[in-house]
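Order-wise, the sequence lines are chains A and F. Those letters in the first sequence? Residues 1 to 559, by the numbering used here. Those letters in the second sequence? Residues 1 to 559, by the numbering used here.
Worth double-checking, as some hints may not be accurate.
With beta-carbon atoms standing in for the labels, derived distance ranges [unchecked claim]:
1. A/S105 with F/R450: 22 to 28 Å
2. F/G407 with A/A508: 35 to 41 Å
3. A/Y179 with F/E102: 38 to 44 Å
Because the hints were derived from the structure by calculation, they are not lab data. Please read all numbers here as calculations on a predicted model, not as lab measurements. Ideal Cβ placement from N, Cα and C applies to all residues, glycine included.
The lines below spell out each chain.
Protein chains: 2
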Amino acid sequence: MFFLPKVFLSSSEVSNIEEKSYLCPIVIYSDLLAMKIAVAQLNYTIGDFEGNKTKIIEAVCRAKEQKVDLVVFAEEAINGTPAYDLLNKVTFLERCEDALVEIASHCDNIAVIVGLPIQSGASTISAAALIQNRRIMRYVGKKNIVSRDDKQNLVPSKGCEYVQIAGRKVAIVVGQDIYTEQEYGRYADLIVNPISIPYARGIVENRYTMYRKLAYTKGKPVVYVNHVGGQTDVIYDGSSAVFNSKGEAIALLRSFEEDFVVVDLDADNKPLPIPEQNKTANVFRAMRLGLRDYFSKNGFRKACVAMSGGIDSAVVAAMAVEALGAENVRLLMMPSQFSTDHSVDDAVKMAENLGVEYNVIPITEAYKAITETMKPVLGGTAFDVTEENIQARIRCTMIMALSNKYGYIVLNTSNKSESAVGYGTLYGDDIGSISIAGDLYKCEIYDVARYINREKEIIPENILLKAPSAELHPGQLDTDSLPPYEVIDSILYRMIEEGQHREEIINAGFNAEDVHRIHSMLVRSEYKRYQFCPTLRLSTCPLGKGIVIPLTSKYGFGY
Amino acid sequence: MFFLPKVFLSSSEVSNIEEKSYLCPIVIYSDLLAMKIAVAQLNYTIGDFEGNKTKIIEAVCRAKEQKVDLVVFAEEAINGTPAYDLLNKVTFLERCEDALVEIASHCDNIAVIVGLPIQSGASTISAAALIQNRRIMRYVGKKNIVSRDDKQNLVPSKGCEYVQIAGRKVAIVVGQDIYTEQEYGRYADLIVNPISIPYARGIVENRYTMYRKLAYTKGKPVVYVNHVGGQTDVIYDGSSAVFNSKGEAIALLRSFEEDFVVVDLDADNKPLPIPEQNKTANVFRAMRLGLRDYFSKNGFRKACVAMSGGIDSAVVAAMAVEALGAENVRLLMMPSQFSTDHSVDDAVKMAENLGVEYNVIPITEAYKAITETMKPVLGGTAFDVTEENIQARIRCTMIMALSNKYGYIVLNTSNKSESAVGYGTLYGDDIGSISIAGDLYKCEIYDVARYINREKEIIPENILLKAPSAELHPGQLDTDSLPPYEVIDSILYRMIEEGQHREEIINAGFNAEDVHRIHSMLVRSEYKRYQFCPTLRLSTCPLGKGIVIPLTSKYGFGY
């Protein structure tokens with residue numbers, strides 16, 4: 001019979017852990033001269049207790065074979081995160097606890113720090129459990145609830161606590177407490193920090209810098225362990241590491257892949273150079289991982305993409321082949337009477353470059369039938385956005401038919417610039433099971449496209465060079481109704497990512513009319529984003545999930 | 001120059017309000033023998049500072065005319081709520097403050113308690129401002145952040161504080177602190193509680209009971225003031241009241257309408273009977289208010305509904321006429337080859353009962369064109385859900401064309417039972433700008449339908465009597481693929497509203513196969529609800545917004 005976590009779990013006693021520490025005999029089974037730590041960076045699935053537990057136990061066994069003193073896993077490793085409202089289901093928390101008890105049974109002669117949510121009164125906290133010699137010794141809770149996903153379902157706990165492991169005093173700090181709590185680590189020989197911090201553009205390099213400085217200023221070694229993998233729209237990049245007390249990296253785990261590294265804190269470790277980060281390559285790897293895991297974790301296999309011959313669908317199709325294999329991707333070209341010949345040609349050329357199955361199905365007849373049938377309602381009116389949207393919605397109907405009939409999952413092809421200004425058709429080209437490029441500005445789409453072509457031409461050059469057009473009326477160009485994307489993107493970036501007020505942007509030299517117009521489009525199109533599909537988060541400000549504004553408001557976007 | 005709220009606003013000083021109370025001279029301008037209180041229950045618009053301020057000032061002036069000592073407004077009255085991420089915009093908080101300063105300038109010889117968000121350090125709290133004699137004397141913050149909408153953007157403040165008004169000691173308690181804080185009111189002569197608590201089925205009667213008990217057990221008069229009106233999907237029912245220290249109602253404000261009542265606490269007030277509540281009538285009034293305000297606050301005027309001849313679209317069409325007027329509603333009947341004659345007849349009869357414009361536009365030709373065109377992809381396969389969905393998506397394309405061309409806002413026609421089990425077509429009948437019945441189980445839809453027909457037949461009897469059918473293939477009935485709605489609704493109600501585990505439901509006597517099947521449908525259809533339109537919230541557990549589960553998870557719905 002193992003130590004029952006119920007003692008801690010059943011009540012508000014969690015907050016009295018310090019007082020109860022006499023319950024936890026300190027077990028010292030290693031001398032001070034060497035401390036071997038294993039860092040296990042794994043890809044978990046939310047609620048997959050069997051799978052997650054098995055992975056964790058395998059890592060524990062591997063660490064034991066290497067005579068490791070302490071193996072560290074990520075925050076909320078046992079359950080997978082973000083679990084949203086599941087965090088407040090008693091049965092869910094019980095399953096976490098059961099898994100922890102089973103993990104503990106494999107931890108003879110090794111200490112383990114592993115994250116899971118635990119009940120605290122009527123609420124839930126994110127905790128790191130310390131297992132020593134097959135006993136669950138202690139839970140250390142997270143104090144600072146920072147992320148939007150966490151705020152709904154977690155309450156603050158006490159924060160950093162000190163424990164004895166292998167004769168060292170170890171400060172356990174969970175999640176963002178590492179950034180926000182000043183007073184930890186002072187009395188520790190080592191700081192251990194399980195985290196669950198998702199990828200966003202530029203975060204990998206910033207995180208290395210942050211931890212390097214932290215280890216240096218605290219003068220203590222720091223171990224941090226992150227998740228890796230996609231959870232619907234959230235992507236974890238991993239990039240876990242160990243820094244020594246001089247702020248030098250002595251273990252660096254891979255980005256965007258599972259990894260397991262053992263490091264001896266007391267050995268003469270040669271400092272490792274922080275790998276140079278290529279932002280576009282990281283975005284590419286994040287998209288690929290997010291897409292791949294969305295499919296594998298949901299049991300999906302095949303994807304389809306509506307190919308217009310434009311840059312957005314080209315990038316999405318190329319990413320789909322990269323993530324899922326050409327044999328699992330099918331493209332549908334659906335030209336209308338307004339599509340240019342080069343669009344279909346470019347799309348076909350791209351399909352052949354990729355070696356995927358494709359069909360060209362014109363929407364002309366369907367468009368004719370719908371506009372004819374609708375004559376009693378629409379007859380006598382001039383061609384306008386109505387007829388443009390009919391085309392986009394026929395395409396939605398057709399690609400969804402392909403999806404329904406054969407089980408292809410539809411990939412959305414929107415980008416962040418379009419989505420921000422509402423330049424897309426609700427129930428038309430805005431549809432899909434998941435959007436993989438919806439958090440990338442149009443200019444970033446081009447960056448990724450060029451990266452895709454880094455070794456050979458996958459996306460035909462013509463797609464990269466031609467002017468963007470929705471091709472919904474003759475000779476249409478995006479610039480007919482929008483400023484050029486370089487201008488839109490610069491203004492949007494300031495509004496969204498930097499939270500600048502319109503006045504600030506105008507003062508920075510942008511055309512006032514453009515700024516007000518883009519702001520107004522941003523505000524008026526929130527209703528489209530409300531109904532948008534899950535979007536791989538590649539920035540710290542994804543629209544829809546990252547910024548929530550009232551649909552009915554006299555205030556606008558608040559910038 | 002008025003007292004500058006900046007003194008409190010600029011920093012963490014808000015939490016030191018008690019220490020700073022020497023800054024607030026106590027002004028006594030009324031004797032102990034009479035205290036007249038005005039309760040102002042108003043319909044605000046989020047971010048409409050001009051409009052909200054004007055309404056508040058008008059109520060203050062009206063109260064002054066009646067020689068009132070204290071006028072009380074709702075929590076977050078100045079800004080309107082839920083304002084989501086606007087609550088963390090500095091400019092938004094500044095506008096709140098500016099409005100407060102202007103309101104204060106009208107408050108000579110009267111005390112005012114009015115809610116607004118204020119900055120507290122780097123965060124925002126929900127506060128009640130006390131104005132006395134044109135000065136902003138104090139802010140009392142809310143301690144318990146209970147609602148899902150609040151958790152994202154508000155942080156806890158200190159909670160209940162005591163102030164002197166008209167010679168009485170008044171406890172100001174903001175929002176849900178009234179439920180959760182035990183230790184308030186002990187030293188008070190009166191408890192004042194500005195709230196912003198939305199409508200949900202059954203809440204009106206429960207709230208009266210709760211406050212009656214509270215006034216009785218505390219032995220203190222209690223004044224609570226709520227919002228009234230719709231804010232996109234959120235509906236406030238008003239129903240503000242004053243209870244005396246014996247727990248008797250001495251002022252009861254209207255439900256679902258603005259109201260303004262003056263009560264003299266010390267007069268010999270005759271206790272008012274708590275009005276009997278009719279749950280269906282309340283649901284009806286909530287839907288009407290929600291729909292009306294969604295239109296008026298967004299500047300919309302005209303609505304359209306896709307009429308199938310079934311009960312759901314009939315209820316939505318009748319509500320649209322009730323809320324917006326027959327002249328602003330247009331119906332579109334879009335029969336396919338599988339529609340029964342009676343469906344079109346019933347729908348036409350209903351349109352004539354309502355006196356609204358309508359068109360019958362068959363989808364047969366469009367269906368033929370799409371299936372013909374798609375032959376290279378779908379050819380040779382048997383009729384299945386694919387072809388059913390094509391019909392629903394053609395209807396979406398057509399009604400959206402009507403909407404795009406003439407500016408009719410499309411009302412969604414789904415109900416909660418269908419939405420819960422995923423019995424609806426994404427980008428088909430699941431579409432719309434707003435769903436007004438999407439938080440009502442199918443059985444409740446019938447209740448509302450009968451209520452609509454309470455005086456005369458608006459919804460043709462045949463629509464109420466016939467068996468529900470999507471009519472997407474010949475002779476189809478909902479019961480072909482689903483258990484009867486009475487069974488579905490009972491099981492869903494236990495799963496969703498009562499959070500029961502499957503085992504509990506089976507133990508209560510339900511067929512195990514039905515329970516597991518419905519649970520599985522509930523889990524598998526979350527992806528459709530993710531892309532669903534805003535839905536008037538009529539229960540405490542609206543799907544999508546009220547319960548958020550991971551789209552990718554091995555755990556299921558958590559029940």
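Worksheet item: Failing hints, ascending?
Response: 1
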